[in-house]
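Using the sequences and the accompanying hints, generate a full structural model.
Protein chains: 2
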Amino acid sequence: MTRDDARALDRSDPLAAFRDRFALPEGVIYLDGNSLGVLPRAVTPALADTLTRQWGERLIRSWNEGWIEAPQRLGAKIAPLIGAAADEVIVGDTTSTHLFKALVAALRHDPARRTIVSEAGNFPTDLHIAEGAVGCVPGATLKVVARDRLAAALGDDTAVLLLTHVHYKTAERFDLADWSARAHAAGALMLWDLSHSVGAVPIDLAAAGADLAVGCTYKYLNGGPGAPAFLYVARQWQAALANPVSGWMGHAEPFAFTDGYRPAEGMRRWLVGTPSILAMASLEAALDLWNDIDMAQIAAKSAALFAILAEAGAAAGLACVSPADPAQRGSHISFRHRHAYAVTQALIARGVIGDFRAPDVLRLGLTPLYLSHEDVWRAGALLQEVIADEAWRDPAYATRNAVT
Amino acid sequence: MTRDDARALDRSDPLAAFRDRFALPEGVIYLDGNSLGVLPRAVTPALADTLTRQWGERLIRSWNEGWIEAPQRLGAKIAPLIGAAADEVIVGDTTSTHLFKALVAALRHDPARRTIVSEAGNFPTDLHIAEGAVGCVPGATLKVVARDRLAAALGDDTAVLLLTHVHYKTAERFDLADWSARAHAAGALMLWDLSHSVGAVPIDLAAAGADLAVGCTYKYLNGGPGAPAFLYVARQWQAALANPVSGWMGHAEPFAFTDGYRPAEGMRRWLVGTPSILAMASLEAALDLWNDIDMAQIAAKSAALFAILAEAGAAAGLACVSPADPAQRGSHISFRHRHAYAVTQALIARGVIGDFRAPDVLRLGLTPLYLSHEDVWRAGALLQEVIADEAWRDPAYATRNAVT
Chain A
1 MTRDDARALD RSDPLAAFRD RFALPEGVIY LDGNSLGVLP RAVTPALADT
51 LTRQWGERLI RSWNEGWIEA PQRLGAKIAP LIGAAADEVI VGDTTSTHLF
101 KALVAALRHD PARRTIVSEA GNFPTDLHIA EGAVGCVPGA TLKVVARDRL
151 AAALGDDTAV LLLTHVHYKT AERFDLADWS ARAHAAGALM LWDLSHSVGA
201 VPIDLAAAGA DLAVGCTYKY LNGGPGAPAF LYVARQWQAA LANPVSGWMG
251 HAEPFAFTDG YRPAEGMRRW LVGTPSILAM ASLEAALDLW NDIDMAQIAA
301 KSAALFAILA EAGAAAGLAC VSPADPAQRG SHISFRHRHA YAVTQALIAR
351 GVIGDFRAPD VLRLGLTPLY LSHEDVWRAG ALLQEVIADE AWRDPAYATR
401 NAVT
Chain B
1001 MTRDDARALD RSDPLAAFRD RFALPEGVIY LDGNSLGVLP RAVTPALADT
1051 LTRQWGERLI RSWNEGWIEA PQRLGAKIAP LIGAAADEVI VGDTTSTHLF
1101 KALVAALRHD PARRTIVSEA GNFPTDLHIA EGAVGCVPGA TLKVVARDRL
1151 AAALGDDTAV LLLTHVHYKT AERFDLADWS ARAHAAGALM LWDLSHSVGA
1201 VPIDLAAAGA DLAVGCTYKY LNGGPGAPAF LYVARQWQAA LANPVSGWMG
1251 HAEPFAFTDG YRPAEGMRRW LVGTPSILAM ASLEAALDLW NDIDMAQIAA
1301 KSAALFAILA EAGAAAGLAC VSPADPAQRG SHISFRHRHA YAVTQALIAR
1351 GVIGDFRAPD VLRLGLTPLY LSHEDVWRAG ALLQEVIADE AWRDPAYATR
1401 NAVT
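Chains A and B, in that order, give the protein sequences.
According to my numbering, the first sequence is numbered sequentially starting from 1.
According to my numbering, the second sequence is numbered sequentially starting from 1001.
Simulated from the structure, these hints should not be mistaken for lab results.
Note that the Cβ used here is the ideal one computed from N, Cα and C, for glycine as well.
Be careful, since some hints might not be right.
Label-pair distances were calculated between CB atoms; the ranges are [claimed, not checked]:
id: 1; chain 1: B; residue 1: A1239; chain 2: A; residue 2: R235; range: 42 to 50 Å
id: 2; chain 1: A; residue 1: T52; chain 2: B; residue 2: P1111; range: 52 to 60 Å
id: 3; chain 1: B; residue 1: A1388; chain 2: A; residue 2: D259; range: 34 to 42 Å
id: 4; chain 1: B; residue 1: R1147; chain 2: A; residue 2: P202; range: 50 to 58 Å
Here it is as structure tokens:
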């Protein structure tokens, strides 16, 4: 792959026009959109309107002019990206809080099933929150096993299988339908964490028969730092499952101000308190970009970007820990290197922002909406330059550079 | 009280200069700052910087340039308003989620004490969340009693007394020190909901010996719609109490990415997921206003504004349900009227925004930072005009106007 090859790919890129819809940082090739997505240009005027007109002028009246429905309205905008119906998704709270609510509800669903099964090395908050959820249901336990022992861990006592669709470190992707079917064959519910896959790969929860899902919106969906997360509950479970964090926004009649809690119908029962409207406004503007996007084009471009960095990494002698088959991975590429932390810092010094994941992984995010093939080609060339640097051969390098 | 009297009060008002620091809506007298505070002018440039520079340019690097400490930094700015130390308060999540965490932690603290005591007619989410918390602790119960039976309800089984400092409807205020002492005398923890009092009345949690508190920041603190809430845990309980919603941001080492949860020291353990940085930026700019504010001046002006509306209400023949003694109330005034909903609407039509609380309360918020005495005098005159309207005498009025 030459720079000219990359440029040729850019000229025929059907997604090329989206780049202008983002405020890309000057002098930087940003390969960390899998951690924090870039600012969509539409967010700035949307927030200005939310501040000046909706909050500043309309004030409390804005609650009746669109704010109160924001959790459902944004949920309906995420739904097509995950193969859900508009009334199966709600936005608000954090991914962790949604996970807590969904896990406790799943554990309470069938008294004979009180075990959460999940993967060792899953994104930490999934396991941390699972510990907390187990503490809220008498007799509940958490079984955390290696990926190759997950199938064997499912049994008569399994309430829910909790998996992260795309692994945050390696980019390995579970097959949604296959694992949902395995959970169901064991009589368990299937809960997907889509944080590292929504907006990155095609997702069809309905086809997979998934029961529950949560996901982050500040990565590939570009909703802004700490943007509110989403929760999906398949329609057939909406009446049967109860939100353990029973706040007033999930009440059937929040403005009747009655003492006793009575859950709302549908997804609204999963709300807790009042969501940040500023955060919702930013996310909504970011979500509106996706109206015009074909996920098949995203997947195809992601594969092309991956191939460019995989080739560069191989030329540099790096071990790639992400799957070679695009269908088995998300939209980032990870390399293992003894001095991965220092390599990440050296790349940043050259204007390529990726990130380090302990203990030895360099992770580079591939976001087809705003990265060009040439960007990624240049990042690959700089990666080779960094790895060729003689300094790495000195065993004391990492120690010396640990806090740079 | 004449209009000239009100103008004279404005001329000698030590807080008068703060009015210019808010973007007050045109043509409106806004008496709903107890529900959603007015936009502080400083918020707009702060959010522009957060969007354009911090998110847009610095991107992921901003996490190391101030974002990650935002929950503690904002907590330290709220601390002086509630009589807490800087390291006893944290910001993030919603009031409801903080309540859930604090109540479950309190219920688990002593196995012999598994009852939450609270007040009938407390703000609904407090009671709804208490129901949810009780469901997460085996043997726990919720005892909800009328205000005059609270003292008798405390006993050997009480884990925590949950009270809202200022009542959202009537503005009645509990004595912080007195009720904290009663809870302690019964061997229980004291948890205060300060949502309707922070920024409205002087608060000294340390002097009261309070154990736990939560509060809302989008009312008198003007943090923006759905702004993140705060949690206070007195230092002596910080090591003993555990957060049931054990998310990664509360982990001792969130970026070590280890499977097992290990709570951070101090207040950080109460964090759950990633807070919205846009919401935090807005709130922080709003909090910075309070550096220069003397709460005694707020209290004195609140009392003067109350007196103006109390006189107007009395002249109109309205029943005031808020306490006459300023030390026994918050910073709003409520009147009971058979057609309170329609009265609220008629006031709004005349440019006076207050709100209705079912079934029969007209509630008018008094926010000394941006309301003048003359504003409130004019609101009082318009209130008298509305009440004098012959239409109210028609028994069919409310029915006809129920959906205006």
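Do the hints match the structure? See the list:
no.	hint	verdict
1	A1239(B) x R235(A): 42 to 50 Å	holds (44 Å)
2	T52(A) x P1111(B): 52 to 60 Å	holds (53 Å)
3	A1388(B) x D259(A): 34 to 42 Å	holds (36 Å)
4	R1147(B) x P202(A): 50 to 58 Å	holds (57 Å)
Comparing the model with each numbered hint stated earlier shows that all of them hold.
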